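Enquirer: Here are the chains, one letter per residue:
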Amino acid sequence: MASRVTEPAPREEIRPAASTLMLGRGKRYLKDRLIGSLLFLAALSSVGVTTGIVAILVFESAPFFGHVSLWEFLTDTIWTPLFADPHYGILPLVSGTLVTTGVALAVALPVGTMIAIYLSEYAPFALREIIKPVLELLSAVPTVVYGYFALLFVTPLLQRLFPELPTFSMLSAGIVMGVMIIPYVSSLSEDAMRAVPMLLREGAYALGANKMITSIRVVYPAALSGIGAAYILGISRAIGETMIVAIAAGMQPNFTLNPAQPAATITAYIVQVSMGDLPHGSIGYQSIFAAGLTLFLMTLGFNILGHMLRKRFREAY
Amino acid sequence: MTDTSRLIARRRRQDLVFNVAGVVCTLLGIITLGALLVDLLWAGLTRINWQFLTSFPSRNAANAGVLSAWVGSLLLMLVTVSLAVPLGVAAGVYLEEYARKHWITTIIEINIANLAGVPSIIYGLMALGLLVYQFHLGQTLLVGGITLALLILPVVIVATREALRAIPIGIREAAYALGATRWQVIKDHLLPYSAGGIATGTIIAMSRAIGETAPLVTIGALTFIAFLPPSPVQAEFPFVNLRWLNSPFSVLPIQMFNWVSRPTPDFHRNAAAAGLVLILMTLSLNAAAIAIRYRLRRRIKW
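First to last, the sequence lines map onto chains B and V.
The end of the first sequence is residue 354 by my numbering, with every number in the run present.
The end of the second sequence is residue 729 by my numbering, with every number in the run present.
I should point out that these hints are in silico values taken from the structure, not numbers from a laboratory.
Among these hints, one or two may not hold up.
Claimed, not checked - Covered stretches of chain V, going by a simulated chain B footprint (3 or more residues, C-beta under 8 angstroms):
1. 588-598
2. 698-709
Stated by the list, open to error - Looking from chain B toward chain V, a few residues come up when the C-beta cut is under 7 angstroms (computed):
3. Gly89
4. Val95
5. Glu97
6. Ser273
Please read these numbers as outputs of a predicted model, since none were measured by experiment.
We put the beta carbon where it would ideally sit given N, CA and C, even for glycine.
Take the sequences, apply the hints, and build the full model.
Expert: Structure follows, in structure tokens:
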């Protein structure tokens, strides 16, 4: 027994045990580092998506701009890339996009803001907890269903008021699009208003203001950058919205600012061309990427603006 | 005195009017939602029956159905989720648990915020140019799934980050104090605790993705599909096959778009019925998300 104790064997047994523990530690940390790098690659893949989007838009529309001068693209008022006598002016598509967006905002901004003020300043807590998710369902309805609703419910309804309204109109598409973006505006605006410190409201009440004055003169301005970010999110949704306008606003490019007329938006044009069978590399195929690039730049501008506003909003209090 | 009380009364009236205006606006939103649902039910409910759910599209409105469309929608969601969840959760875990403040991480964060604002049709153009024509993957379920997965990726990332942020720092510190590595903390503690939050966010994202039409039209998903993709399960070993990924497909929103675009009222009724099936899918996904969130709120007390 004693001899066994003095034998080096047990020490030998401990040593490997100790070193496997150390080795295990090293392995574990190596594994940790490895997984860390894998996760980093996953995070980096989102940058890859953006790069892919920009690269494809530029790469596929480059031949288009080799064929069509940028000046013609931006100033010609006729868009007929698929006709025998082709014109490549993006303006009619831009005007269609801006008019439908304008109509949508004329609906969504006032209504969304009023809802936000009501829910944040007036509504009892229990009511707010019910109404908010119900309103958010408005943005969960698939846009193709909204398109159906615009074409087969809202347009006939409007035609009773204005009998001369055509079957396809930017007005009806825009109104329905406005309803769709109400929750984007109201939810974010309400969050911003509820973040306004109670003290500001109490100050206003102490000076004799009622809730309406407090809401309009104190809470709304204090939350303005957050509300602005909500508005911009709404704008960028409306610009990029596709199915409602493709179904209800018609697909003919039409350089007009009159919402009672049919017109194609940038997105509707892309859908219309995609539904047909255009050969890869033809000018028509390239033109949807040029249109897509225009759309991407428009929404990117608004997204950056919204990002800046949100940053200011966070630093406010 | 009377002046003051009159002023107060006027202010009260003013306030009441404003309050009523707020209620009216709120009702406006809810009534529109109601009108939309009633309109769909009115036009489409009688059209929904077994024949409608088990038939392929047809030139004859009365014989047409949504079989290939709803099967396509479900399979497409399967592809989308199995791509978006691993990638999105991994990215979210990295940004929340591993990333140090570094210019690369700042770029990644700004980039994710911007991606969330890119119109869905742009994703379709990217998939058309890159996946269909550069990689020659064809207009298949796989390409559609990749497109929608990239589309909902920002939502999954943000949901993961928020769920992780809600876990108290003490949990991490306790695990580290026992000698756990970062990955062990994540795998054994953070991911299980945040699973509910991630699931909620993912399901909400899916309810958006299942109604997406534009990017799928852009990559050239077909509207007239009179066959089903090969079954993902088979009787022989290895019991699953992936051939269905390379199958052309249609989905409910595209089928509905096709029917809406036709001039005859019979097809419009079909469109309404397809819309009802689609809304039912969307709403049940939303309901599932709400249920998970509710259970989570009750169960977890840090």
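Enquirer: Please go over all the hints and tell whether each is borne out by the structure.
Expert: Structure-based check of each hint:
Proximity of the region 588-598 of chain V to chain B, defined as three or more residues with a beta carbon under 8 angstroms from a beta carbon of that chain, is not established by the 0 residues found. Interface restraint, the region 698-709 of chain V with chain B: holds (6 residues with C-beta to C-beta distance below 8 angstroms; minimum three). Because the smallest distance between the Cβ of B/Gly89 and any Cβ of chain V comes to about 6 angstroms, under 7 angstroms, the interface hint for this residue holds. Interface restraint check for B/Val95: the shortest CB-CB distance to chain V comes to about 10 angstroms, outside 7 angstroms, so the restraint is violated.
For the restraint placing B/Glu97 at the interface with chain V, the shortest Cβ-Cβ distance is roughly 5 angstroms, inside the 7 angstroms limit, so the hint holds. Taken as an interface hint, B/Ser273 checks out: its beta carbon lies about 5 angstroms from the nearest beta carbon of chain V, inside 7 angstroms.
When the structure is compared with the earlier hints, violations turn up for hints 1, 4 and for no others.
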